[in-house]
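The sequence shown begins at 1 in full-length UniProt numbering and counts up one residue at a time.
Everything labelled a hint here was simulated from the structure, so no lab data went into it.
Just so you know, these numbers come straight off a predicted model, no measurement behind them.
Where hints are given, some of them may not hold.
Quick list of in silico lysine-lysine cross-link-like pairs, BS3-like style, CA-CA up to 25 Å [said to hold, decoys possible]:
1. Lys40 <-> Lys114
2. Lys38 <-> Lys165
3. Lys38 <-> Lys9
4. Lys39 <-> Lys81
5. Lys107 <-> Lys9
6. Lys38 <-> Lys169
7. Lys107 <-> Lys93
8. Lys114 <-> Lys103
9. Lys81 <-> Lys103
10. Lys10 <-> Lys114
11. Lys170 <-> Lys39
12. Lys39 <-> Lys9
13. Lys82 <-> Lys170
14. Lys10 <-> Lys39
15. Lys38 <-> Lys114
16. Lys114 <-> Lys82
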Amino acid sequence: MKNEINDIKKYNPSSTDSYFFDNNIWMFLFCPLGNSSKKKQQDYSRFLQQIQTCRASIFITSMILSEFANACLRLDYDLWKKEDPRNVNARYKQDYIPTARYKTASKEITSEIKNILRITERTPDNFNSVNMDNILTNFEIIDFNDSYIVEFCRNQSFKLVTDDKDIIKKVEHSSLTIITSV
């Protein structure tokens with residue numbers, strides 16, 4: 001069975017649906033440094049509001065929060081290196097993490113994580129019950145975390161909200177409902 005791909009502008013959430021937002025969606029919605037596509041930010045923000053209005057559930061795992069925190073910090077690190085020519089060869093752990101800039105960024109990201117947690121339900125990732133063969137098969141065509149998310153959502157019957165083109169275009173036969181900005 002092929003993935004069911006849905007245009008976010010045409011998809012109507014239901015109160016009985018359970019959603020799982022990929023990290024790229026949280027980046028569009030909450031990353032203070034992301035400054036990504038305004039159209040996609042609007043699409044995903046509108047969809048989040050629709051989900052909240054109908055009182056559907058959005059689930060999140062620690063892996064997604066970890067990806068969010070690390071991606072936001074890496075964005076800030078890259079900006080920090082570009083802003084000052086003296087930082088061009090700076091190393092992340094040795095040079096960036098000890099700075100006041102890192103402390104400020106981590107506080108901002110912590111605040112955004114708390115905002116995300118206010119609107120989501122924490123769920124375990126059920127590593128013991130996911131099909132590792134499926135994960136490793138998909139890992140041949142997409143990265144491991146994406147492969148894991150696909151299998152986890154399929155296993156939990158979550159509708160996956162993602163902007164990840166690899167998941168959308170490459171993953172087949174996963175019986176997964178995907179919602180994305182087209």
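Q: Verify the proposed pairing of lysine 114 with lysine 103, using a straight-line Cα cut of 25 Å.
A: Satisfied, since the Cα-Cα distance of roughly 17 Å is no more than 25 Å.
Q: Sort out whether lysine 114 lies within 25 Å of lysine 10, counting only the CA atoms.
A: With Cα atoms ~30 Å apart, lysine 10 and lysine 114 exceed 25 Å; violated.
Q) lysine 170 and lysine 39: Cα distance at most 25 Å? A) holds, 24 Å
Q) Quick one, are lysine 40 and lysine 114 close enough, alpha carbons at most 25 Å? A) holds, 22 Å
Q.
Please verify whether lysine 38 and lysine 169 have alpha carbons no more than 25 Å apart.
A. holds, 23 Å
Q.
Given the hinted pair lysine 38 and lysine 165, is their Cα-Cα distance within 25 Å?
A. OK: lysine 38 and lysine 165 at ~18 Å, within 25 Å.
Q: For the pair we were handed, lysine 107 and lysine 9, check the Cα-Cα distance against 25 Å.
A: Distance ~33 Å between lysine 107 and lysine 9 Cα, so the pair is violated.
Q. When you check the alpha-carbon spacing of lysine 82 and lysine 170, does it fall within 25 Å?
A. Roughly 34 Å between the alpha carbons, so the hint for lysine 82 and lysine 170 is violated.
(Q) Given the hinted pair lysine 81 and lysine 103, is their Cα-Cα distance within 25 Å? (A) Answer holds: lysine 81 to lysine 103 is near 16 Å, not above 25 Å.
Q) Between lysine 38 and lysine 114, does the CA-CA distance stay at or below 25 Å? A) It holds: about 23 Å lies between the C-alpha atoms, which stays within 25 Å.
Q) Straight-line Cα separation of lysine 39 and lysine 9 no greater than 25 Å? A) holds, 11 Å
Q. Regarding the pair lysine 107 and lysine 93, is the alpha-carbon distance no greater than 25 Å?
A. Between lysine 107 and lysine 93 the Cα gap is close to 17 Å, so the pair holds against 25 Å.
Hint compliance for this structure: hints 4, 5, 10, 13 and 16 are broken, all remaining hints hold.
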